[in-house]
Amino acid sequence: MNKLLIAVLGFACLTVFGAFEGSDSTQCDTNALKDKSRKAMEPYKFDAAKLMKISARGSEYMKEIEVPLFAGENYRFVFNTEALKSSIGIDIYNKDKDSKHRKLLFSSKDAGTDKKEYVWEYSKSTKVYVDYIIPAGENGSFNGCLLFMVGYK
Amino acid sequence: MYGTIATAACFFLFACGSSTHNSEQKDVASVKDTASHTGSGDGQTEQTTYTLPSPIQIASIFKKAGLIYYPNITNSAENASKYNAGKVSESLNLGVYSADLSYCALNKQNQDSRNYLKASRQLAEQLGLGKVFETDNLAGRFESNLGQEDSLGPIIADMEMQTDLILEEHEQEYISATVFAGAWIESMYIGGKVFEKGKAKNVSSHLIEQMAIAQNIIKALKSNEAKDAGIPGVIADISSIRDLFENFEGMKAISKDRDEVDFSKIAITDAEMDGFIKKIDEIRAKIVKG
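Here the protein sequences come in this chain order: U and W. Quick note: the first sequence uses this note's numbering, first residue 366, plus one each step. Quick note: the second sequence uses this note's numbering, first residue 8, plus one each step.
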């Protein structure tokens, strides 16, 4: 009887261990983020989305995304950060990170760092640059996901 | 549209990608197109990545400019069966069909739209992404909304977005990049053909405006250059369009700071426009030949 109990417990332990071993700590519920962002996008037509998985490094670092915009269109940007464990900075500029004279068009600092969703609108035929400022943390630790969606009307 | 392919990609790619212990390291740099560090290892910045407009947005921009529907401009849906020479050819032509689908759907061409959805599905299946079409009742939603431009646009955009998300999540971005390259060439080809027929003179400025993203497409492809032997040829083709454009007199006169330039306002002569459209025709012919 004892042997049977030990065998059952052993099997259970292996199963539980296997489940944890096989789980993916870097996956995010993309569909949930997408659905929420789509609601925030209305009445604009959503056009493209970019999912960013964020991990910390020993020091602060930055990721930049270039977004082309076209004449005659009004654009809305939606950033959903609720799948991030800790907040990051989101800035939008008129020029890229290598430019010495670029203008800040939007900053999540001004909109409130405790928010989980940021919405910004713009209408100009140009390119804009979205910068994510990721604060320092334990190197390689997974912070979560950020969904960026672009729409137009 | 390539977003559509997403769910299918889920099944396909999940099967290939369950190892995640390395992924945290990879995910630090797992954005579309590029992700190599530009610094000296201090982790301060990474190369800039890009978003590209969907074929449905490009079709919508052209339509607002007066682009009207002409039958037989697009690539025949029956050609889908001849695209089986590898992932680059298949994904380029998936892009071509997505642009054709967008053009037809926005112009309420229901039967052609059905045919292009079928052709897209066929190529998506060849790329291992066919199950996307089965999720969210995509095919059913598409069919029941035929003729309703305002409803079809979001369905096509949803497909594109979802596919992109899945491909991005599973580091298959080079398929996204080549699909977009095919869609962009086909969109430019359609715009050029309608412009030549003299029915949409306003389209010319929007064709030129699209050149603002040619360099982004090239960069997106270059960052995936090693993934398939066919990609360098696509880079060369799009670079040849960019180089031709850069040599136009109107382009030579503008500032090197391209962020300040409204491409839609650049003056192009008739001869330059003819040469530009011919170059696009030539590259599009190569793609659809298979």
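No wet-lab data here; the hints were simulated from the structure. Honestly, I wouldn't trust all of these hints.
To be verified - Computed cross-link-like contacts, DSS-like style, restricted to lysine-lysine with a CA-CA straight-line distance of at most 30 Å:
| id | chain 1 | residue 1 | chain 2 | residue 2 |
| --- | --- | --- | --- | --- |
| 1 | W | Lys94 | W | Lys259 |
| 2 | U | Lys465 | W | Lys293 |
| 3 | W | Lys125 | W | Lys259 |
| 4 | U | Lys489 | W | Lys125 |
| 5 | W | Lys125 | U | Lys465 |
| 6 | W | Lys70 | W | Lys115 |
| 7 | W | Lys234 | W | Lys272 |
| 8 | U | Lys404 | W | Lys296 |
| 9 | W | Lys296 | U | Lys410 |
| 10 | W | Lys94 | W | Lys208 |
| 11 | W | Lys71 | U | Lys404 |
| 12 | U | Lys465 | W | Lys296 |
Any hints from earlier that this structure breaks? Give me their numbers in increasing order, please.
Failing hints, ascending: 1, 2, 3, 4, 5, 7, 8, 9, 10, 12.
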